[in-house]
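> Start from the sequences, fold in the hints, and give me the full structure.
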Amino acid sequence: MALIRLWLFLLAGQLVFYVLLRLYVRSQQVERLERRWDARHPHRSGNTAARRAFVAKAMTGFNRSLRARLTLLVFVLPTLAVLAIVILVNWQ
Amino acid sequence: MYYVRVVIGVLFGVLVFSFLDYTLPSRETVRVSNTYNRLTAIPTSASIFWAADSTGTVENAQGQRDVRFIDTVRPNGRVRVYRNEDTGWVWPPYFKYDSANLQAEATNLQSTNQQPIWVTMTSYGWRMPWLSTYPNAISINTVAGPDERPTNWPAMLVCAVLLVLLALIWRMWAQFRQRGLSRMNRGGA
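Chains A and B, in that order, are what the protein sequence lines are. Start counting the first sequence at 1; every next residue gets the next number (our numbering). Start counting the second sequence at 1001; every next residue gets the next number (our numbering).
Just so you know, the hints here were simulated from the structure itself, not pulled from any lab data. Treat each hint with caution, since some may be false.
Between beta-carbon pairs, the in silico distance windows are [stated by the list, open to error]:
no.: 1; chain 1: A; residue 1: 83; chain 2: B; residue 2: 1016; range: 20 to 30 Å
no.: 2; chain 1: B; residue 1: 1008; chain 2: A; residue 2: 10; range: 42 to 52 Å
no.: 3; chain 1: A; residue 1: 14; chain 2: B; residue 2: 1016; range: 15 to 25 Å
no.: 4; chain 1: A; residue 1: 83; chain 2: B; residue 2: 1002; range: 44 to 54 Å
no.: 5; chain 1: A; residue 1: 18; chain 2: B; residue 2: 1016; range: 22 to 32 Å
no.: 6; chain 1: B; residue 1: 1163; chain 2: A; residue 2: 13; range: 34 to 44 Å
no.: 7; chain 1: A; residue 1: 31; chain 2: B; residue 2: 1165; range: 36 to 46 Å
Far from chain B, by Cβ distances over 10 Å, these chain A residues were calculated [stated by the list, open to error]:
no.: 8; residue: 11
no.: 9; residue: 24
no.: 10; residue: 27
no.: 11; residue: 36
no.: 12; residue: 37
no.: 13; residue: 39
no.: 14; residue: 42
no.: 15; residue: 62
no.: 16; residue: 69
no.: 17; residue: 72
no.: 18; residue: 75
no.: 19; residue: 90
Note that the structure is predicted; figures quoted are calculated from it, not measured. No residue lacks a Cβ here, since even glycine has one placed at the ideal position from N, Cα and C.
What follows is the structure, encoded as structure tokens:
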């Protein structure tokens, strides 16, 4: 029972953190693309329709990028940490 | 208003420090002088300083629990008493299941004042005599002498991970303040 409870708490925390981290990484990528557009088109910089189209187009494949996939580690690392602690504490 | 904020901030800092000081492992070089079991009444006021009920601890009809204890002596001659209880899958997250093995190891390393065997005891928790609380022993290792103090790298590692997480959350919050809020004010997208 205690193990199931631990797992549920861990999963809830991981889900919340995953959503927040995902939003953060996405937001950073959008910001980077906007800067790139501004650097390439100094005379058309700022929040224009052309820049929004460029960002939207560049963000289409973002979910399959390495950076986006690395956020899935949120679900892996805590479980690995638990396993490491179990082995270290109970190993003679 | 300023002083209220200062007081609340200081109290919060003390709370965080005490929480980490209680939960993180600490290491002490000691000599094991005795190991034993004792029927112990756990007062409800101090029950959070003992193993949780769901770890598989058994209590008798009077609410007493058979607890393993390890008596130790520090190099300066002062004593330190450890309890030795499983934490199981409950807080704090040590996932300790080998208290019987640990008790056997401690008994094996028991030594006298004349021929001391010095060990380093890893534990968490506080000894508060007026509340009858004891630090919970986690592991035991022999050391060369009473002056040897092994580095407490588990606590350092946990602190480092917590600092990295704090920095990440700080960055995420700053990003939200900078972009998320203005986006909301613009009305979506």
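> To test your reading of the hints: which numbers does this structure violate?
Result: hints 2, 6, 7, 9, 10, 19 break, sorted rising.
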